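Enquirer: These protein sequence lines are chains Z and E, in that order. So the first sequence is numbered by the working numbering: it starts at -12 and just counts up by one. So the second sequence is numbered by the working numbering: it starts at 641 and just counts up by one.
Since the hints were derived computationally from the structure, they do not count as laboratory data. Being a predicted model, the structure only gives us computed values, none of them experimental. A portion of the hints provided could be inaccurate.
Claimed, not checked - Example chain Z residues on the side facing chain E (calculated, C-beta under 7 angstroms, incomplete):
(1) 221
(2) 222
(3) 223
(4) 226
(5) 227
(6) 229
(7) 230
(8) 231
(9) 232
(10) 233
(11) 234
(12) 235
Claimed, not checked - Sample of chain Z residues with no beta-carbon within 10 angstroms of chain E, all distances over it, derived:
(13) 42
(14) 61
(15) 98
Said to hold, decoys possible - The calculated EDC-like cross-link candidates involving lysine to aspartate or glutamate, where the alpha carbons are at most 20 angstroms apart (straight line), are:
(16) Z:85 x Z:26
(17) Z:81 x Z:244
(18) Z:18 x Z:190
(19) Z:81 x E:669
(20) Z:10 x E:672
(21) Z:85 x Z:244
(22) Z:10 x Z:190
(23) Z:235 x E:672
(24) Z:18 x Z:50
Idealized CB from N, CA, C, for every residue including glycine.
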Amino acid sequence: MKRLPAAVEPMAHQVATETAVPKEMPHLVGKPNSDFMVEASSSRSNIDYVYSNPASSFRGLHESLINYGKNSKPEFITCMHEESSVAMAHGYFKATGKPQLMLCHGTVGLMHATMAVYNAWADRVPLINDRRQRSRCRQAPAGRADLSLGAGHRRAGARLHQVGRHAGVGASTFAQSFVRAYRYAMTPPYGPVLLSLDAGLQDAPVTMGISISRGTSPRRRPHADLNALREAATLLVAAENPVIVVDKMARTRGGREVARAARRAAAGPGRPTSWAA
Amino acid sequence: MNMPNTHYLNQTASAQNLIRNADVIMGLECRDFLEHGQPVDRQR
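Same shape as in the complex, but just chain Z (with noise of 0.2 angstroms):
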């Protein structure tokens, strides 16, 4: 009887691909998309710093960073994995109140941010993460946006703690999917956003002048009626024992001022007001 072997032999090509010397990439002539992607990151967003573990994937983003946008603002900074570079990006809002951007490959590198990722997510905290994904631009029409917020296949264990997924096909609709991704994570309240870059369109050269509009118009916070807002300041006012509890509100400095001063307002001669956390 024939017994199955415990491992597959490799075939043909894979062996190839382990073996063989690599080809020479061929020559862009003229700018790279990916350019245009680090101009249109920059001048409309407040992004100081790039986290990423360098990929072969997103390596014309990456050359792009250094050699056009000159490294700065946003510099990279390299992490030896990827939960640490969103890590990075988290804690760095915590401290200054912007939003980062962290890079990684589509699959493996997702898959190994996917715990800070929920962490960020858990603590409210902004960020956009730029993945590869597989070249579409011969299966897309030119300048098609795709957005999708549904989960299902082999990357839903992170995108289900992402505020949306947004894949921009075309290097004139890459400002308007990061403005996009910009506004879902800076909107209270705040959370991780997915980004697909798509991985062909990084080399290709700009084949189109495109113009960048600079600045993003900032989201209006959500607001509490205002009925319901002075019912609730009576109550607190005229109350001898309040106690309020704070939870996610005093995330940031605005969030304690205004706790603060709901406490202040409570708080009278021999009436001491207490709170929680």
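Add chain E to chain Z, keeping to what the hints say.
Expert: Coordinates of chain E only, in the frame set by chain Z:
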């Protein structure tokens, strides 16, 4: 919450007692309002 647990206003440890005696409770962005009134079993 980003608040030092040594701050005099941080009364998390006595939250259950405070809430029991409160006549008005204001919650600011609470994930689970009721969890603040639950006793914490520190032996677990």
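Enquirer: Can you list which hints this structure breaks, lowest number first?
Expert: Of the numbered hints given earlier, those the structure breaks are 1 and 20, listed in rising order.
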